[in-house]
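What follows is the residue order along each chain.
Protein chains: 2
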Amino acid sequence: MNPRIKQVYKELNKLKLDGLILSHEPNISYLTNTRSRDAYLLVSKQKNIYITDSRYTTEAKKNLKGCTLLEIKGSVFKTIADACKKLHFNRVGFEERYLPFAEYNKIREGWDYGIELIPTHGIVEELRQIKTAEEIAKIRKAIEIAIAAFRFIQGYITPGRKEIEVAAELEHFIRYNGAYASSFDIIVASGPNSSYPHHLTSERKIKAGEPVLIDAGVDYLGFKSDLTRVFFSGKINSSARRIYDIVLAAQKRAISRIKPGVEISEVDAASRQYIAKKGFGRYFSHSLGHGIGLEVHEAPHISGKEKSLLKAGMVFTVEPAIYLPGRFGIRLEDICLVTRKGAEVISVTLDK
Amino acid sequence: MNPRIKQVYKELNKLKLDGLILSHEPNISYLTNTRSRDAYLLVSKQKNIYITDSRYTTEAKKNLKGCTLLEIKGSVFKTIADACKKLHFNRVGFEERYLPFAEYNKIREGWDYGIELIPTHGIVEELRQIKTAEEIAKIRKAIEIAIAAFRFIQGYITPGRKEIEVAAELEHFIRYNGAYASSFDIIVASGPNSSYPHHLTSERKIKAGEPVLIDAGVDYLGFKSDLTRVFFSGKINSSARRIYDIVLAAQKRAISRIKPGVEISEVDAASRQYIAKKGFGRYFSHSLGHGIGLEVHEAPHISGKEKSLLKAGMVFTVEPAIYLPGRFGIRLEDICLVTRKGAEVISVTLDK
Chain A
1 MNPRIKQVYK ELNKLKLDGL ILSHEPNISY LTNTRSRDAY LLVSKQKNIY ITDSRYTTEA
61 KKNLKGCTLL EIKGSVFKTI ADACKKLHFN RVGFEERYLP FAEYNKIREG WDYGIELIPT
121 HGIVEELRQI KTAEEIAKIR KAIEIAIAAF RFIQGYITPG RKEIEVAAEL EHFIRYNGAY
181 ASSFDIIVAS GPNSSYPHHL TSERKIKAGE PVLIDAGVDY LGFKSDLTRV FFSGKINSSA
241 RRIYDIVLAA QKRAISRIKP GVEISEVDAA SRQYIAKKGF GRYFSHSLGH GIGLEVHEAP
301 HISGKEKSLL KAGMVFTVEP AIYLPGRFGI RLEDICLVTR KGAEVISVTL DK
Chain B
353 MNPRIKQVYK ELNKLKLDGL ILSHEPNISY LTNTRSRDAY LLVSKQKNIY ITDSRYTTEA
413 KKNLKGCTLL EIKGSVFKTI ADACKKLHFN RVGFEERYLP FAEYNKIREG WDYGIELIPT
473 HGIVEELRQI KTAEEIAKIR KAIEIAIAAF RFIQGYITPG RKEIEVAAEL EHFIRYNGAY
533 ASSFDIIVAS GPNSSYPHHL TSERKIKAGE PVLIDAGVDY LGFKSDLTRV FFSGKINSSA
593 RRIYDIVLAA QKRAISRIKP GVEISEVDAA SRQYIAKKGF GRYFSHSLGH GIGLEVHEAP
653 HISGKEKSLL KAGMVFTVEP AIYLPGRFGI RLEDICLVTR KGAEVISVTL DK
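Chains as they are written, first to last, in my numbering: chain A, 1 to 352; chain B, 353 to 704.
Keep in mind the hints are simulated off the structure, nothing from the lab. Among the clues, some could well be false.
To be verified - Heads up, incomplete: computed chain A residues facing chain B, CB under 8 Å, no partners named:
id	residue
1	Y98
2	I157
3	G160
4	L200
All C-beta atoms in this analysis are idealised placements derived from N, C-alpha and C, irrespective of residue type, glycine included.
Starting from the given sequences, assemble the full structure and let the hints guide the process.
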């Protein structure tokens with residue numbers, strides 16, 4: 001039996017649930033060890049059922065292990081409801097963060113007697129936080145391809161080139177170098193555009209001397225990377241240099257705090273307090289980082305509110321930033337693995 | 353006042369709602385005429401409130417018209433709940449297809465007295481079905497760039513080239529030719545891979561003489577295109593030719609049925625019945641098409657179950673297909689605009 005699904009059984013026992021309906025694709029991919037798309041998964045001790053439509057059944061038959069495949073005919077919700085009835089469930093869990101209200105109702109409507117549909121929260125996300133050696137190897141490879149892409153792209157950051165063209169070259173490189181594609185919309189933010197934390201890459205042309213912030217990652221066998229660097233086409237001016245150095249020092253402070261048993265909020269605070277002390281606290285407007293794996297953003301959330309403790313095997317970004325509205329922004333983003341003794345910065349070989 | 357929001361007011365009147373909480377990004381983009389991201393919109397006669405976090409507020413201030421901007425401090429759900437309380441709402445609608453169960457509960461929990469939270473369905477999607485001249489112009493441009501990309505890519509479909517490399521060249525071309533990016537994961541499916549309707553573009557190398565199915569579209573100022581063609585590197589064999597001709601004839605039959613007032617199911621049936629008559633009915637496993645605009649897949653759904661009637665201004669794909677498991681698949685996908693008299697195939701200039 002798949003040890004990941006076994007872990008879910010334990011949680012179901014605790015919650016006195018007969019089964020769990022999963023609708024969040026990365027969670028389904030994780031439990032089935034496949035690249036799941038447009039599917040639902042019903043996990044229970046009697047039977048695990050993978051539910052998808054005819055577009056994916058041939059693929060699923062080939063790849064699925066330890067699951068019964070059920071092809072949707074007609075309504076997906078009736079299919080799920082009927083499967084639960086057949087297994088004589090009384091209490092069935094669902095993923096409250098992902099199941100839309102309408103789908104919740106449709107599943108319930110498919111039951112003519114009183115099966116209880118119980119909200120659950122983060123059962124699989126919790127498991128996914130601690131990466132196995134095999135997962136870490138895939139994340140490493142996703143980071144490695146992204147680093148090669150960042151090195152390659154430096155030659156393209158020249159005055160007159162459009163942001164969107166830089167993104168095109170990155171995406172092209174990534175796909176020729178072993179990745180499936182970039183793992184999210186590549187951000188190329190030049191000059192004042194870099195002051196928007198989530199700038200939409202545009203037709204703007206890069207000007208000499210200004211900062212060009214690039215935030216990009218790749219998808220390697222379903223695992224993601226996510227890195228940010230700021231480049232300068234020409235000489236870096238002294239005000240940008242000063243901000244850059246503050247962000248870099250803030251990042252170092254956070255990374256030095258990482259080790260098992262440390263409260264996550266402390267890692268965020270290490271960067272934030274330093275930036276605040278330098279007088280730029282209000283210009284670091286987002287949290288410090290996020291877990292990464294099958295999703296670009298996943299648990300744990302590296303924020304000042306997160307009271308849980310770091311554990312060995314967690315992988316997350318550390319990305320302090322300072323955004324000076326209308327002027328420019330500096331963000332430096334690396335990916336760290338929590339080891340038994342501290343942190344390994346997996347993306348350490350990418351220059352800063 | 354924005355005429356789109358005025359239309360929503362009419363629906364709110366009918367449903368006796370004081371306001372509507374929107375959480376689906378394309379619906380928010382449509383109503384605000386901006387490229388909305390990570391936002392909520394509260395529509396009401398008293399006030400329209402655009403709710404987003406600090407990453408987007410500078411952008412939003414610049415672009416929003418006719419809306420009050422509210423920056424999230426702390427919990428987004430509390431922010432929404434508080435805004436409804438302040439406006440003294442009694443009955444507030446939400447989008448049941450998009451709001452996750454947990455978010456629904458969090459908004460409700462933010463109310464200490466009895467505001468009713470009422471599920472609504474498709475209010476904005478219904479409006480979005482009928483495209484304005486300005487929207488059609490953008491879709492036309494998105495199609496035009498995609499057609500140029502399809503023409504360009506033919507030179508790359510040669511034996512030995514990997515599927516993923518073909519996708520890389522397409523994506524590269526698209527971004528250099530005025531589009532933001534491709535509008536969905538480009539599908540390049542060679543040989544037997546073309547028999548999976550939603551193949552994941554892979555490292556497989558194209559072999560001489562086999563079909564290569566390409567399904568791609570672009571995002572132009574938020575509007576999408578979506579086209580499919582099947583190419584052959586070398587001479588097309590007679591069995592593939594036969595299937596190709598059947599799919600092409602099936603597509604023509606569907607397109608010839610399009611005009612205002614026709615039941616949508618009849619358009620689907622025109623292709624489906626023809627393919628069935630030729631003996632391949634079970635190999636055309638999905639519906640005929642889908643509306644397209646701010647989303648790649650939107651209303652109307654062009655399926656055999658859809659009883660609603662075509663209206664002038666609708667824009668949707670027509671994509672009959674035959675998938676022979678393990679052998680190959682042929683799908684031809686064009687985009688049609690319903691005109692007053694019939695259909696305009698906007699993608700007509702792309703050879704078949």
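Verification of the hints:
no. : hint : in the structure
1   : Y98  : 6 Å, holds
2   : I157 : 16 Å, violated
3   : G160 : 14 Å, violated
4   : L200 : 7 Å, holds
Hints 2 and 3 from the list above are not met by this structure, while the remaining hints are.
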